[in-house]
Amino acid sequence: MSGDAAIRIRDLTVAYHEAPVLWDIDLDVPSGTIMGIVGPNGSGKSTLIKSIMGIVEPAGGEILVFGKPFSAQRKRVGYVPQRTSVDWDFPTTVLDVVLMGTYGSLGWFRRPGRDQINAALHAIERVGMSDYVDRQISELSGGQQQRTFLARALVQQAEIYLMDEPFQGVDARTERAIVEILREMRRLGRTLVIVHHDLQTVSHYFDLVTLLNIRVIATGPVGDVFHDENLRKTYGGGQEFSLRR
Amino acid sequence: MNLILSIILIAVVTAVACAIPGTFLVLRRMSMVTEGVSHSILPGLVLAMMIFGTQRAPILVLGPALMGLALVVLVEAIHRTDLLAGDAPLGVIFPALFSIGVIIISRRYAGIPLSENSVLIGDINLAALTQLRVGDTAIGPRTLYVMSAILVANVLFTVALFKELKVTTFDPGLASSVGIRPAIVHYAFMALVSITIVGAFEAVGAILVVGLLIAPAATAYLLCRTLRGMLITSAVFATVSALLGFALAYVLDSATSATMAMMMGLFFLLALVFAPRTGLVARLHTRRRRRIDFATTLLVLHLIHHAEGERNAPACTAEGVMQHINWAPEFAGEVIQRAVAEGVITEHHNVLMPTLRGRSRCRSVMPWEGCEDPSIDQPAVTSEENQ
Chain A
1 MSGDAAIRIR DLTVAYHEAP VLWDIDLDVP SGTIMGIVGP NGSGKSTLIK
51 SIMGIVEPAG GEILVFGKPF SAQRKRVGYV PQRTSVDWDF PTTVLDVVLM
101 GTYGSLGWFR RPGRDQINAA LHAIERVGMS DYVDRQISEL SGGQQQRTFL
151 ARALVQQAEI YLMDEPFQGV DARTERAIVE ILREMRRLGR TLVIVHHDLQ
201 TVSHYFDLVT LLNIRVIATG PVGDVFHDEN LRKTYGGGQE FSLRR
Chain B
246 MNLILSIILI AVVTAVACAI PGTFLVLRRM SMVTEGVSHS ILPGLVLAMM
296 IFGTQRAPIL VLGPALMGLA LVVLVEAIHR TDLLAGDAPL GVIFPALFSI
346 GVIIISRRYA GIPLSENSVL IGDINLAALT QLRVGDTAIG PRTLYVMSAI
396 LVANVLFTVA LFKELKVTTF DPGLASSVGI RPAIVHYAFM ALVSITIVGA
446 FEAVGAILVV GLLIAPAATA YLLCRTLRGM LITSAVFATV SALLGFALAY
496 VLDSATSATM AMMMGLFFLL ALVFAPRTGL VARLHTRRRR RIDFATTLLV
546 LHLIHHAEGE RNAPACTAEG VMQHINWAPE FAGEVIQRAV AEGVITEHHN
596 VLMPTLRGRS RCRSVMPWEG CEDPSIDQPA VTSEENQ
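Residue numbers (the numbering used here), protein chains in the order written: chain A, 1 to 245; chain B, 246 to 632.
Simulated from the structure, these hints should not be mistaken for lab results. Yeah, the Cβ is synthetic: ideal placement off N, Cα and C, and Gly gets one too. Among the hints, erroneous ones may be present.
To be verified - Far from chain A by the CB rule (all over 12 angstroms, computed), these chain B residues:
id : residue
1  : Tyr432
2  : Thr562
3  : Arg583
4  : Gly588
As the list claims (entries may be wrong) - Some, not all, of what chain B presents toward chain A, calculated at C-beta under 8 angstroms:
id : residue
5  : Thr531
6  : Arg535
7  : Phe539
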């Protein structure tokens, strides 16, 4: 867990109307690690990701990406949206979606050329989707859709990746394939922040975990903070959690 | 310029100029906003007339264009308050703006000849007669020049900002995270939409312009798998509808703009029914195929269960199947025929038997049902993901 903080959050508060969605968040994500963000529905997981990317305006606090505000570091951050937030009937193909990952490096007006297409095809190959390059995205299974968005993230050549429930609606085989890709990304020194909901797999997939419920209940190495007491604090006392670890 | 040729050119140019931004309006789920923009033309025009103190000057176009943008901004502002859901903000704003226009007209410009007919459906023939003059020479219909300029602007805008329009429509989150600000693209685009509507207003009126913007794009949406394809297809449908609409209007002696819009509606209807993947016919076909596919599996499963004990049990005949699974004779016959053709069952002297292939199909579809062949240990067939 060496290295500087890839993401450093201090006193972050986000509110919709008057109710806080995130309250006084302090969080460090060391570079080169995989951090899971878990918490119940409405605990602010997606909002946290969106505030890091400047999509949501914080009411207060500071977010630094490699020591600078996000606006100065856009190109170093990649994003995988929640599957349910995507319009799957949009007339676009797998290659087209993956190419969107190159738009950031192109800037305004310039179009993707040979280099970008090659990079996209390479990323598509890495996620095992080469047979589906020209498929319209509505013709893909849930797992294939998720792989497509993972390929788009890969092609962004970012150093930090923010992923909103990348395992949602995928079959077990795809989930294993995605985890493999994530681990390879970590080997290459990437930092991954992943919103996750399956508590059973947290200790297998992540180095660090943040338990979130509007406030940070606990954050740190999975072995240190991912235990029943913290889970009760996060998800409420009524429910018993048995973690097979 | 020949009058008929002028009308045809205006029809085609206007239709294509509308179809291009229409594609993005459909994808952005903003179709009905165009209705609002087209109605805010009236207040925009009369306000511009008041401010500039003239009734005929090119600068007056600014009024409606700005009013169209103002409408978009207002609707979005109300939408953001979360107090009104869906398209209610639009329903509140545009009649309000429109009525302001009506009130000003009735108070100050009571003498203006403003035919309801031309406001609602426009008059392409009249537009073709109004010539643009340089000095004393008429150089062709004014509307044709205006719409051609708008068409060129729309094409240039779409080509130059193709990837920006695409990504801000498909995934605004990604767009803003990579520095392509959706708001900038959005308002630039809506400004162009407003100008397009103002330009097309004269030829096709406030209601039919909505049809010109949306119908060809909606038709293309049902047919196309890529954005580029959708843009080209909607332009083609727009052109064909304009030409056929004109021809039909000529024969029937009906209003050209209305006949054009009707052709566009007709093409949409055809696509709705016959589109290869998304059309109603294709869907019915798929549903029927799936039903028979499943019935075939069910048949094999039924035979497996009954073949286990008494080999020639009455349940393993066509009659038995009909009785046990409660299928109509016609449907049962079709399923049995299909199952035999696919080699998942065999038929000998009227007795149906599951084959090995049938067993492995059942195993892959319903692994919990225990379809192992009692005699042979077959390797499990893995099911392809989501096929």
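To see whether the hints hold, each was checked on the structure:
1. Distance check on B:Tyr432: its Cβ is at least 15 angstroms (rounded) from any Cβ of chain A, clearing the 12 angstroms threshold; non-interface status holds.
2. Listed as a non-interface residue, B:Thr562 keeps its Cβ farther than 12 angstroms from every Cβ of chain A; the least gap is roughly 39 angstroms.
3. Every CB of chain A is more than 12 angstroms from the CB of B:Arg583 (nearest about 25 angstroms), matching its label as outside the interface.
4. The Cβ of B:Gly588 sits about 26 angstroms from the closest Cβ of chain A, beyond the 12 angstroms cut-off, so the non-interface label holds.
5. Nearest Cβ of chain A to the Cβ of B:Thr531: about 13 angstroms, over the 8 angstroms cut. The hint is violated.
6. For B:Arg535, the interface hint is violated, since its Cβ never comes within 8 angstroms of a Cβ in chain A; the closest pair sits about 16 angstroms apart.
7. The closest approach between the C-beta of B:Phe539 and any C-beta of chain A is roughly 19 angstroms, which is over the 8 angstroms cut-off, so the hint fails.
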